[in-house]
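Colleague: Protein chains in written order, with this note's numbering: chain L, -19 to 389; chain U, -19 to 389.
Take every hint as true, because none was put in to throw you off.
Covered stretches of chain L, as calculated for chain U (at least 3 residues, CB under 8 angstroms):
#	region
1	170 to 179
2	226 to 236
3	353 to 367
Hints listed in this document are in silico derivations from the structure and should not be mistaken for laboratory results. Even glycine gets a Cβ: it sits at the ideal position worked out from N, Cα and C.
Protein chains: 2
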Amino acid sequence: MKANPRIDAEWLHGRLEDLARVGATAGGGVTRLALSDEDRVGRDLLRDWMEEAGLAVRVDDLGNMTGRREGRERIAPVLLGSHIDSVRRGGRFDGPLGVLGALAAVRALDAAGIETRHPIEVVNWTNEEGVRFEPAMLASGVVGGRFDRAYAYDRADRDGVRFEDELRRIGYLGREEDRPESAAAYLELHVEQGPVLEDAGVPVGVVEGIVGITWLNVTVEGQADHAGPSPMRLRRDALVAASRLVAAVDRLARETDEIAVGTVGRLVPEPNLINTVPGRVVMSADFRHPDPATLDGMVERFRAQAEQLSAETGVSVTVDRFWTSEATPFDVGVVGEIAAACEELGLPQHRLWSGAGHDAKYVADRGPAGMIFVRSRGGLSHCEEEFSEPADIEAGANVLLLAALRLAD
Amino acid sequence: MKANPRIDAEWLHGRLEDLARVGATAGGGVTRLALSDEDRVGRDLLRDWMEEAGLAVRVDDLGNMTGRREGRERIAPVLLGSHIDSVRRGGRFDGPLGVLGALAAVRALDAAGIETRHPIEVVNWTNEEGVRFEPAMLASGVVGGRFDRAYAYDRADRDGVRFEDELRRIGYLGREEDRPESAAAYLELHVEQGPVLEDAGVPVGVVEGIVGITWLNVTVEGQADHAGPSPMRLRRDALVAASRLVAAVDRLARETDEIAVGTVGRLVPEPNLINTVPGRVVMSADFRHPDPATLDGMVERFRAQAEQLSAETGVSVTVDRFWTSEATPFDVGVVGEIAAACEELGLPQHRLWSGAGHDAKYVADRGPAGMIFVRSRGGLSHCEEEFSEPADIEAGANVLLLAALRLAD
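If we strip away everything but chain L, and leave its shape as in the complex, we get (with noise of 0.2 angstroms):
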């Protein structure tokens, strides 16, 4: 009975297109904050794709947009979806690949005539960027469990606006019992936000879970001088002793193994004038790893190094560890299915972790998910120069259908 199904890419990029119109800059790239009059327009536009692909759609008191396939039996439905919303001048394909290939999968069902044993739910997620309303993923983060409704509601934007107000405002402050159900499976389309698969020459990655993250803010205190009557011997400057922090960042990720990251991506020296030796540095420290005692560890060797230099130049060096967003392996059965479903099509099956945040990392709080990823022009993302080829995200959604389909059936 089961046909050889494969996604309509033409009508695929025709709808990624219709959807980069709402909110296009003039430099290629979309501009669709969560709630924005945008971002009501796009809600529109999917809801009519949805209905026309014949789902049932229903809208969450989050504004979550849930499109339904009914499966043969009354089961966990498996769940496909990603978000709408843009950062500023981001790109066309980011978000928008994941919600349109997942529907664009449905299709290829309908048009293959299969029906799945699990019914199959196209997921749009509210405010995915954070960049409107922080902080990022936070209608998942409400479902998931991780964030109360209250706190998301009163979350308001530079302006003052409400969450809350605005899912009113734009129509789509929906019930909480039309919250996406827990699924049987969770599988997320997205483009890759680095240039791994560009470097490894693959059309598509199989995500095996989100990276830990731990952010540092390093503060170091020595002495303000004027640049010309302090003689080298008798200063304590603070920004010398931060950039060999900063190269002590670099390095240890380097160290550590070919998946760990480390970044310094923000320093401030005080009073930071041309002629006055810095007296005071304060500094990020990123570091990202899937494994939480090689994060650890990276930050521990990093306040000995700390310490270190505080005793060798006289300047001192505090390290507050303020934020950690736990590792997120992905289920091994949802991975595994992505991996086969990259061999039916004849992809390599190139793993790699995500270094950012995704809805499926909160979704993954409550049942099995995985990622798959697309490859990325220049590693480029959250920027309008953001571009995948075409036959990479026609692969791509072929890999999220088929990969539903062994998860659904």
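Following the hints, complete the assembly by docking chain U onto the known chain L.
Modeller: Here is chain U on its own, set in the frame of chain L:
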């Protein structure tokens, strides 16, 4: 006939206190910006004290105040000067020490009944600090021929108020013919703006000149990336590269000699976000040395290291040497008389270079000049914590007195 003149320390400390009340800050410092109401009050006080000391006071077209004590002959005067304007929340002594110390010296000559062959003029230079009207040393620069008067007149503060208009408003716009004369010698007493004398345990320093200063603007261009999904080996992190240049500036100065200094005072990563690999860093480099060839050598070695870094890491580094202030070695004869004055007082003859600019630099364009530094606690200046011991101030003023007497006789 010649007595053994010494300054009246009580008088000097009293007048320094009086002047420090004008623009006094809560933190024990002074804000007396050039041509402000506070500057006017300070000038009025100074004029009274000059007249009280029997000096003939004149004000020139730049607001410079000169108090003249006649000599036995009508020949070029010996000038003793500094400035009474301050930075925001600056110290109490800084420039006022040089002006009031000069006045104390003249009073000491009177008290001892000493006539000199050369006239002696006490000068208060307008706008030395350059905080309100850029650039620094504006009025001595016009008198020395560095700047046009029209240029000075058109300098405006942050509210757009013109230098000339403020001179007129506070009643200190005089005539060109009343500028300080070309001097037989110029002496400037000033607090040291660094920790060298304190470190050496010496109250007074004989300044050999003002170092050459050169400023570079350094731009490091790498590739901005998300901190998570970018593997270390594929990054071109502009801040990691820049941190090596910060270390290079520090190391180059230390390797050169005891006098050389090198400072990165300003450094701005872009986009300067905790979770983004910096794509660009703009930073400054400040090198100083008395010897022009050595100064150029440091810049050339820095350029070479920047090129090597670029070749090794794939980031691009551009180095723009946009400003140089040439070194000003002081007149050997004047420096020698200052040293002799130290010896006469039983003080160590500690020679050092000034790492910062002073009016003496521009006065030296027109004739022999020299400076005397007074030890500063902690090397601090341009801040409310600036402090010099009364005994050190007295010693510095006596060196000024005896050096002036040697040069004027």
